[in-house]
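*Asks:* Chains as they are written, first to last, in the numbering used here: chain A, 1 to 122; chain B, 123 to 187; chain C, 188 to 1100.
Keep in mind that a hint or two might mislead.
What the hints assert, rightly or not - 30 Å max Cα-Cα, derived BS3-like pairs, lysine-lysine:
id, chain 1, residue 1, chain 2, residue 2
1, A, Lys59, C, Lys871
2, C, Lys1043, A, Lys93
3, A, Lys59, C, Lys865
4, A, Lys85, A, Lys115
Hints listed in this document are in silico derivations from the structure and should not be mistaken for laboratory results. This structure is a prediction, so every number in the text was calculated from the model and none was measured.
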Amino acid sequence: MNKKVLIADDEQNIVISLEFLMKREGYEVLLANDGDEAIQRIRADQPDLVLLDVMMPKKSGFEVCQEVKADPALAAVRILMLTAKGRDTEVAKGLALGADAYMTKPFSTRELVDKVRSLLEQ
Amino acid sequence: MRKGLAGQRLVAVFLAGMLLLNYPILSLFDGPERLFGLPLLHVYLFSVWLGLIVAVAWIAERGAR
Amino acid sequence: MLPGWLIIGASFAYLLLLFAVAYFGDRRADEGRSIIANPWVFSLSLAVYCTAWTYFGSVGRAASGGTWFLPTYLGPTLGLALAWLVVLKMIRIARSHRITSIADFVASRYGKSHLLGGLVTVIAVVGIVPYIALQLKAISSGYALLIGEHDSLFRVESQAGWWQDGTLYIALTLAAFTVLFGTRHLDTTERHEGMVAAIAFESVVKLAAFLAVGIYVTYWLYDGFGDLYARAMAAPELANVLAFDGVGRLGYGGWFAHVLLAMLSIIFLPRQFQIAVVENVNEQHLRRATWAFPAYLLLINIFVIPIAIGGLLHFGRGTVDPDTFVLTLPMAHDNAALALFVFIGGLSAATGMVIVEAIALSTMVCNDLVMPMLLHSRRLNLAGERDLTGLLLGIRRGAIVGLLLLGYLYFRLAGEAYALVSIGLISFAAVAQFAPAVIGGMYWRGGTREGALAGLLSGFVVWGYTLMLPSFAKSGWLDPGFLEQGLFGLAWLKPEQLFGLAGWDNITHALFWSLLANIGAYVLVSLARVPTGAEATQGALFVDVFRRGESPPASFWRSGAEVRDLVPVVARFLGQRRTEDAFGAYARTHGLRDVSELKADPELVHFAESLLAGAIGSASARVMVSTVVQEEPLGLGEVMDILDEASQVRAYSHKLEEKSRALEAATAELRAANEQLKELDRLKDDFMSSVTHELRTPLTSIRAFSEMMAEDPDIDVEDRQRFLGIIVSETVRLTRLVNQVLDMAKIESGHAEWHNTDIDMRELVQHSVDATMQLFRDRGAEVAVHMPASVPLLRADHDRLLQVMLNLLSNAAKFVPTGAGRVEVTLSCDDARVRVDVRDNGPGIPPEQQPVVFQKFRQGGDERSRPQGTGLGLPISRQIVEHFGGRLWLESVPGEGATFSFELPLASAAAVQ
Chain A
1 MNKKVLIADD
11 EQNIVISLEF
21 LMKREGYEVL
31 LANDGDEAIQ
41 RIRADQPDLV
51 LLDVMMPKKS
61 GFEVCQEVKA
71 DPALAAVRIL
81 MLTAKGRDTE
91 VAKGLALGAD
101 AYMTKPFSTR
111 ELVDKVRSLL
121 EQ
Chain B
123 MRKGLAGQRL
133 VAVFLAGMLL
143 LNYPILSLFD
153 GPERLFGLPL
163 LHVYLFSVWL
173 GLIVAVAWIA
183 ERGAR
Chain C
188 MLPGWLIIGA
198 SFAYLLLLFA
208 VAYFGDRRAD
218 EGRSIIANPW
228 VFSLSLAVYC
238 TAWTYFGSVG
248 RAASGGTWFL
258 PTYLGPTLGL
268 ALAWLVVLKM
278 IRIARSHRIT
288 SIADFVASRY
298 GKSHLLGGLV
308 TVIAVVGIVP
318 YIALQLKAIS
328 SGYALLIGEH
338 DSLFRVESQA
348 GWWQDGTLYI
358 ALTLAAFTVL
368 FGTRHLDTTE
378 RHEGMVAAIA
388 FESVVKLAAF
398 LAVGIYVTYW
408 LYDGFGDLYA
418 RAMAAPELAN
428 VLAFDGVGRL
438 GYGGWFAHVL
448 LAMLSIIFLP
458 RQFQIAVVEN
468 VNEQHLRRAT
478 WAFPAYLLLI
488 NIFVIPIAIG
498 GLLHFGRGTV
508 DPDTFVLTLP
518 MAHDNAALAL
528 FVFIGGLSAA
538 TGMVIVEAIA
548 LSTMVCNDLV
558 MPMLLHSRRL
568 NLAGERDLTG
578 LLLGIRRGAI
588 VGLLLLGYLY
598 FRLAGEAYAL
608 VSIGLISFAA
618 VAQFAPAVIG
628 GMYWRGGTRE
638 GALAGLLSGF
648 VVWGYTLMLP
658 SFAKSGWLDP
668 GFLEQGLFGL
678 AWLKPEQLFG
688 LAGWDNITHA
698 LFWSLLANIG
708 AYVLVSLARV
718 PTGAEATQGA
728 LFVDVFRRGE
738 SPPASFWRSG
748 AEVRDLVPVV
758 ARFLGQRRTE
768 DAFGAYARTH
778 GLRDVSELKA
788 DPELVHFAES
798 LLAGAIGSAS
808 ARVMVSTVVQ
818 EEPLGLGEVM
828 DILDEASQVR
838 AYSHKLEEKS
848 RALEAATAEL
858 RAANEQLKEL
868 DRLKDDFMSS
878 VTHELRTPLT
888 SIRAFSEMMA
898 EDPDIDVEDR
908 QRFLGIIVSE
918 TVRLTRLVNQ
928 VLDMAKIESG
938 HAEWHNTDID
948 MRELVQHSVD
958 ATMQLFRDRG
968 AEVAVHMPAS
978 VPLLRADHDR
988 LLQVMLNLLS
998 NAAKFVPTGA
1008 GRVEVTLSCD
1018 DARVRVDVRD
1028 NGPGIPPEQQ
1038 PVVFQKFRQG
1048 GDERSRPQGT
1058 GLGLPISRQI
1068 VEHFGGRLWL
1078 ESVPGEGATF
1088 SFELPLASAA
1098 AVQ
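Bound conformation, chain A alone (with noise of 0.2 Å):
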């Protein structure tokens, strides 16, 4: 049974490279191009992990991240943030708030698909 991944942020172009990184590591790709749709998709198709950008339109990153924390039946799903901004309280507001993991742009593509597949593992 493959994994689903659902990649959410706005940036068509960030959105290709990483459907094509995941698709090619064999997970079932999911695609959400604002905080709204990614919450839909989040509660509809349950996938084990999102890649989830924090500046996007209608629902920032950190609220979707914090809805889906603080809800039980979504315990499994495994979080990735990915931030352009780098400055450090952004990560740590997005672990604070639950993620599992965080990453900033622009990032290695090895090292997100590793991160990725240790997350996928645990």
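Got chain A sorted already, so can you dock chains B and C onto it with the hints?
*Replies:* Just chains B and C, lined up with the frame of chain A:
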């Protein structure tokens, strides 16, 4: 008012009154002259007196503001 | 003339009315709605100064000496001018030390000395009792005149009539009245509101009565001032009424002395001190009184000379006593009703004086004579638990009755004697002896107890020798020989020509020598030694009362005391309930729940002592408190240290206040600057964060695709092409961003280069529309351009303005609906400016977003459909337009499109170079 201008004015009025109501200035008005049919001295004394009261009233009531 | 029952009935009716006024005043005071808390009432109550002596005697003096009755009133007028400086200070001192009499004032000032208080009391009693007798005499002889016990020259005939005992009844009635309103209860402030109300009322009555008889004589009997004076000038025997020195004995020196005497007496007469200082409700009332009281004096004296002239014209000189003119003139014209009214006026002048004087003197006798004796006597068990309030009240009531009986006795003894008739000014001269000790004590720290004692004693002795004894001799009570030959036959000891000083009248002579001895002894003896700790303490507290403000005086002894010891001591003199109330209030003002939480610190000891001082005088209070408080008095050095420290602290705190104000201002400025910096910092932070985000986003794509292709050679060609395309476009985006950020930074920092040329806006607009035509075509939008035939040339940077136009047009192109877009570009101008509007039919911008679109990295529009852009275009455009002195703004109704407009001034744009 105590240390201020009004206090100094009151002292000035007091000194002026002391001067106007005593020798030698007072003696200048002790003559046989008449003013409105009254002795000059009587008119002078009551006028200065009234003047002093008005001056003090002006200073004291102004200071009340 | 008038039946006795009518006069007695009217007098008692008047006293009853007075009683009602006083009762009402007290009731209102108890209810907390004081009727005397009014500057007019205060001014009127000061008129207790005008006694029967002045009421009847002024006319007498005017008849014999013309204007010589005036110094008695001019003095107070001048004195009151200084009242705001001197009396205000006395009020403040009296209040902060709970001083209730002039004796207490002197005693308290010089280290709370029993001896001084006692001496002042003795001087006051000796000086004032004859004065009280004079009031009784005025009432009784007025009564005798009215009932007709006189000969054709209005001389009172019978010396042994029953009315003489009537005077005793008058004295006793007044005593009863005074006891009722003066000693109703013990109060720590010793204030008597009802009594003050009654006195103010009496002042109105006596003024009205005197004006009535004055108007009657001037305008009824005669034809006004002019008529009276004209007749007086025609009568040679009246010349002395009109000229200054008619009597030829007093001279200008005497005039000055009389003015000075009256000036001092207005403050130092015990009744004046009582009314002006002790009974004062609000020190601001003094302000009105400084002129209202002199005005009262002026008013009551306007008709003095006319009445004197009228009396002399009617009766002739040397027949009827001019002192009785106010009564005898109406009687001679059979106007009994007016005569009765005048009698009531005189009665009010006499009773007012007697009541206030008796209260003031009884307080002094009780606190400064009897209490100290009781404290010293072993028989009174002061350490006991007995409540002493009753005893205190008893002493005061006894003192009042005793004083009035003494007055009556003196009246019986003196009768018509010189000693009584001339007592007015003699009394004034007696109380003038208080002036050096009191005034010196208020303004000079160096005065000592011995100095004050020596001064008062010498002044009193000289006064007695030069005024009192001669008046006895002239009354025939002493061998008048010593007047003529001097004591022991020594000519230089002649009481009225001491050391051969002749040529002055007796009052001036006595005043000079007594004050000289008084002041000399006070100053010289004071200078003999350094003040003790207690004297220095009180001296500093008195002299600096204004600087110390309302705060309780500092304490100058170390003490060990227990609250449970202090309270009973106070309670024994004030009563349990009053004491508990007072301590309770004290505890509450110190934020404590009740008395049990109080600590017996020096401040509380001081509070207890001042409470006691109000009831038994400061010196006795000191003694009583010291029975329960183990005190270790500080030495002079220590006291001076404390005082110096206090004044240094004051100076420091003043400086500190100034500094802290300056600091506050500086702090406020700094805070504002800091806020601004923080705001700038936040903006910069936001900017950096935004720039970072904008830079990292394209970099992310570029890196991801590059890595993927580098690591995975198996990617098919189609994907590879697509990925490379993305990389290229992201690189373009990145380049544009970097350019714009740099552009922005340059403009903002003022380092941008501006190449100004003359610009034809028509050409520029057309150029920009042509350049963006492809964009519009791609979205299927139409562009309409409206331009006038010609516009003036504009001096500006062509490329920059083109940048603005391109930005606005490309924005419009991004937001117009695909296929149905319509953009209108309008160029217009007037004399002063050129304006360009770019109007689109896109979704418009909601009002709350409108200011935002001009901020950096804040792109407008629905984020979902947000087109590619850096978010810097509009901010840069605005900067450019503003650089040329123009403005760029937005008008938009959501759903109906948006219009971006900018205008540039024609003239100033050229000036910017």
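*Asks:* Work down the list of hints and note, for each, if the structure agrees.
*Replies:* These are the hints, each one checked on the structure:
| no. | hint | verdict |
| --- | --- | --- |
| 1 | A/Lys59 to C/Lys871 | holds, 25 Å |
| 2 | C/Lys1043 to A/Lys93 | holds, 25 Å |
| 3 | A/Lys59 to C/Lys865 | holds, 28 Å |
| 4 | A/Lys85 to A/Lys115 | holds, 19 Å |
The structure meets every hint from the earlier list without exception.
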